[in-house]
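Enquirer: For chain A, the structure is supplied; the task is to place chain B on it using the hints.
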Amino acid sequence: MKNAIFNRKQLAVPYMLFLLLFVILPLLVVVYYGFTDAEGHISLANFIGFFANPRTLGTLIYSLVIAVIVTIICLCMAYPVALILAKGAYARKHAFLMVFVLPMWINFTLRITALKEILTLIEGNLALYPFINTIICMVYDFLPFMIMPLFNSLTKLDNSMLEAGADLGANRAQIFIHILLPLSIPGIISGVTMVFLPAMTNYVVLDMVYNSTYIMGSLIGSYFSSYDWNNGSLISAILLMMIGMFTILADRFTMEKEA
Amino acid sequence: MENRKTLIELKNVRKSFDGKTNVIEDVSLKIMEGEFVTLLGPSGCGKTTILRMIGGFDKPTEGEILLDGSDITLLPPNERPINTVFQKYALFPHLNVYDNVAFGLKMRKVSKEETDKLVKDALELVDLEGFEKRSIATLSGGQQQRIAIARAIVNRPKVLLLDESLSALDYKMRKEMQLELKQMHKTLGITFIFVTHDQEEALTMSDKIVVIADGEIQQVGTPEDIYNEPANVFVADFIGESNIFNGVMSGKLKASFAGTTFDCVDDLEKDIKIDAVIRPEDIDIVKEGGQLKGEVLSCDFKGTFYIMFVQCGQYEMEVHCFDYYEPGSEICLNIDPDMIHIIPYDTSINHYPGTINGINDAGLVRVKFADMDRRVARDRIHVGERTGDDESVLDVINKPDTKVIVNFEPSAATLTDDAKAGDICGNIISFHYIGDHYSYTVRSESEEDYVVDDADLWNQGDYVGVVIPEDSLNITVL
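Chains as they are written, first to last, in the working numbering: chain A, 4 to 262; chain B, 308 to 785.
The following block holds chain A by itself, in its conformation from the complex:
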């Protein structure tokens, strides 16, 4: 088109600038700070320090344990819900889905505060069960993020696959194990990705339920509030690498299945 003011390349410039300034550059800054010392010299001291220090290593393990438990509970709760909503013959399944996802639209602190009140009614003193309360609050918080991708991937799954399974003699359990589960792995992976990392870092939940144990997020926060940019960045970089590795492995896994 002759009278177009900008061509395609020119139109892409603002987006490229945005990506460069707000995505690429900050990432490089995080990695740079993570692998330099306070004087700006390149150093692995932070990295080695992190894994040598029992306190930081313990935090990593504690975060991993919380994240794994929260993710597994979310998956176990979300899968049946997503399956029923996606494959059930309900006229208003999207309305039901909306109800499950609706809490996402209410402010996070308000939701957790409300949940705290309920837990207080049951337990009496919240401070008695910090670990369990952390898990309960996180599961409540992250469940919609697990339901959505599972629902999407199960909706796309062709019903004739399940019928073919039954036709070939598979009972309900066998259909689930041999057909439904393998075919919904992409949905499981994106759900897990969306729950796992937030569960490792969302220390606000811990604060709110009086859990004084540190997780990775609290560690970053404490380093930054004491102006230790290098160690704070390093932990962010480690989390980044972990999630990066997980994504690559998951992609590799699904690609292998499809190829």
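Do not take every clue at face value.
Said to hold, decoys possible - Which residues of chain B face chain A? A partial, calculated answer using Cβ under 8 Å:
(1) G362
(2) P384
(3) N390
(4) T391
(5) K395
(6) H401
Unchecked claim - Computed cross-link-like contacts, EDC-like style, restricted to lysine to aspartate or glutamate with a CA-CA straight-line distance of at most 20 Å:
(7) A:K119 / A:D210
(8) B:K366 / B:E386
(9) B:K327 / B:E369
(10) B:K327 / B:D521
(11) B:K395 / A:D161
(12) B:K395 / A:E166
(13) A:K90 / B:D365
(14) B:K482 / B:D505
(15) B:K465 / B:D375
(16) B:K413 / B:E386
(17) B:K561 / B:D591
(18) B:K318 / B:D333
(19) A:K96 / B:D325
(20) A:K90 / B:D325
(21) A:K96 / A:D161
(22) B:K327 / B:E755
(23) B:K559 / B:D643
(24) B:K489 / B:E340
(25) B:K413 / A:E166
(26) B:K580 / B:D570
(27) B:K580 / B:D761
(28) B:K559 / B:D574
(29) B:K366 / A:E166
(30) B:K465 / A:E166
For the record, the hints were derived by calculation from the structure and aren't laboratory data. Cβ coordinates follow ideal geometry from the N, Cα and C atoms, glycine included.
Expert: Same frame as chain A, now just chain B:
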């Protein structure tokens, strides 16, 4: 067909998905062991629903399905000795060819060695030896089709169901697969139940064809039976090309239609209304004389023969011949008596139960039937031989809710595209050409059917109004 034992029997099967309208209407059917049966019908006729009920994917609302004499109506698919080749194959994308084919054997816990052998045999049968390790995504449509067949037959089912299985293939591949399937059927000796909307496919492959329309079986028979002796106008029109004419029996072995009286071989009562069916290839072209004279409208080459349309007076005829005739030229046509197939006119057409409810001040009778509430003149009411003009009939008419049968001739009604202007409105669900006009079936929202003759061409699915003049209604008091 020699005496075979009944393998599958459907007994008065009815299916409704919404509890209101029946997709399948009281279907009873016997399928013999080792038969190649085709369920044939236009899309939406319910043929796939019947197949799915045999496979166990849908449960009949009423009636039962027997296999080898035992009731399997409520048995889940995995407990039936029946396997299916799905319309879009439904191969498992996360498994390779071997695991797809071996799936059923794995579920039955067949040993590894035996599985290997059976899978190899099945792949050999579908001509895909050595494809074991291939992933499904790398296969062409035709290959996926073959794998789907292998995956089903490897289980040695008693019945193999094929749901429009060839419709996704291109023409040449489809022809090839038709012959191969027939060959496979012979080799395996398994009962095949095949669903298709393609009449040519059905005629080529089947031992027995079940023609289905509108959730009901129209005719069951061998391909030859169905083609040569169609049970009704729908079958005649749906299978192959047909010239169909409205007519009447004008004497013993004499039928009048298309403006002429023909000798025929069907012995029906004199004066009974008929539909006469003549296949285009059964019309002879003669030098002189002939029963019909006409002008050639068009003559098109179709590879092995010519399709010619001939105008004989007000009637149009389709004729297949091996010689070319110049459009505009005059030709004479002859129809052999045994080439005329006569079907008694369906007397249930446009007959509706209803009630009449007294006479108003203007001397009109209120009649309610089907979707209508009309006021008609007294002379439209018949009580035996008498009509409503007869004073002695008045007391019958004046009784509240007198039961009547209302009917009208298809030729008396007309179609209009302004649906609101019609006495009823609905969609055209089917139509066929009858010599000099089209016969349309219009279905209203309340599922009543109205048959209307119209000279103009409308499309299937058109939303139309049907105008039925008061003076064309014949009301018979029961």
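Enquirer: Does each hint fit the structure? Answer for all of them.
Expert: Consistency of the hints with the structure:
The beta carbon of G362 of chain B comes within 6 Å of a beta carbon in chain A, closer than 8 Å, and the hint placing it at the interface holds. Taking 8 Å as the C-beta contact cut-off toward chain A, the hint placing P384 of chain B at the interface holds, the least distance being around 4 Å. The beta carbon of N390 of chain B comes within 6 Å of a beta carbon in chain A, closer than 8 Å, and the hint placing it at the interface holds. A least Cβ separation of about 5 Å between T391 of chain B and chain A falls short of the 8 Å threshold, and the interface hint therefore holds.
Given the 8 Å rule on beta carbons, the hint for K395 of chain B holds: about 6 Å separates it from the nearest Cβ of chain A. A distance limit of 8 Å between C-beta atoms decides the matter here; for H401 of chain B the minimum to chain A is near 5 Å, and the interface restraint holds. Only pairs whose Cα atoms come within 20 Å are accepted, and K119 of chain A paired with D210 of chain A is accepted, the gap being roughly 12 Å. For the given pair, K366 of chain B sits about 14 Å from E386 of chain B by alpha-carbon distance, which is consistent with the 20 Å threshold.
As the CA atoms of K327 of chain B and E369 of chain B are separated by approximately 13 Å, the hinted pair is consistent with the 20 Å bound. A hinted pair counts as satisfied when its Cα atoms are at most 20 Å apart, and K327 of chain B with D521 of chain B qualifies at roughly 15 Å. In summary, the hint linking K395 of chain B to D161 of chain A is supported, as the alpha carbons are separated by about 10 Å, within the 20 Å threshold. For the proposed pair K395 of chain B and E166 of chain A, the alpha carbon gap of about 12 Å is at most 20 Å, so the pair holds.
Distance hint between K90 of chain A and D365 of chain B is fulfilled; the C-alpha atoms sit about 16 Å from each other, no more than 20 Å. Between the alpha carbons of K482 of chain B and D505 of chain B the distance comes to roughly 12 Å, so the proposed pair stays at or under 20 Å and holds. For the hint pairing K465 of chain B with D375 of chain B, the CA-to-CA distance comes to about 10 Å; that is within 20 Å, so the pair holds. For the hint linking K413 of chain B to E386 of chain B, the alpha-carbon distance of about 15 Å falls within 20 Å, and the restraint holds.
For the given pair, K561 of chain B sits about 19 Å from D591 of chain B by alpha-carbon distance, which is consistent with the 20 Å threshold. Our distance criterion of 20 Å between C-alpha atoms is met by K318 of chain B and D333 of chain B, whose separation comes to about 8 Å. For the suggested pair K96 of chain A and D325 of chain B, the alpha carbons sit about 18 Å apart, so the restraint of at most 20 Å is met. Restraint check for K90 of chain A and D325 of chain B: the C-alpha separation of about 18 Å stays at or below 20 Å, so the hint holds.
Note on K96 of chain A and D161 of chain A: the hinted pairing holds, with a Cα-Cα distance of about 17 Å set against a maximum of 20 Å. Distance hint between K327 of chain B and E755 of chain B is fulfilled; the C-alpha atoms sit about 14 Å from each other, no more than 20 Å. Using a Cα cut-off of 20 Å, the hinted pair K559 of chain B and D643 of chain B holds, with the two alpha carbons roughly 16 Å apart. For a cut-off of 20 Å, the pair hint linking K489 of chain B to E340 of chain B stands: about 15 Å separates their Cα positions.
Under the criterion of a C-alpha separation no larger than 20 Å, the hint pairing K413 of chain B with E166 of chain A is consistent with the structure, at around 16 Å. Restraint check for K580 of chain B and D570 of chain B: satisfied, since their Cα atoms lie roughly 16 Å apart, inside the 20 Å limit. Between K580 of chain B and D761 of chain B the CA atoms are separated by roughly 19 Å; this keeps the pair inside 20 Å, and the hint holds. In summary, the hint linking K559 of chain B to D574 of chain B is supported, as the alpha carbons are separated by about 7 Å, within the 20 Å threshold.
Of the supplied pair hints, the one linking K366 of chain B and E166 of chain A holds, its CA atoms being roughly 14 Å apart against a limit of 20 Å. Of the pairs offered as hints, the one joining K465 of chain B and E166 of chain A holds, with about 18 Å between alpha carbons and a cut-off of 20 Å not exceeded.
Consistency with the previously given hints is maintained throughout, with no hint failing.
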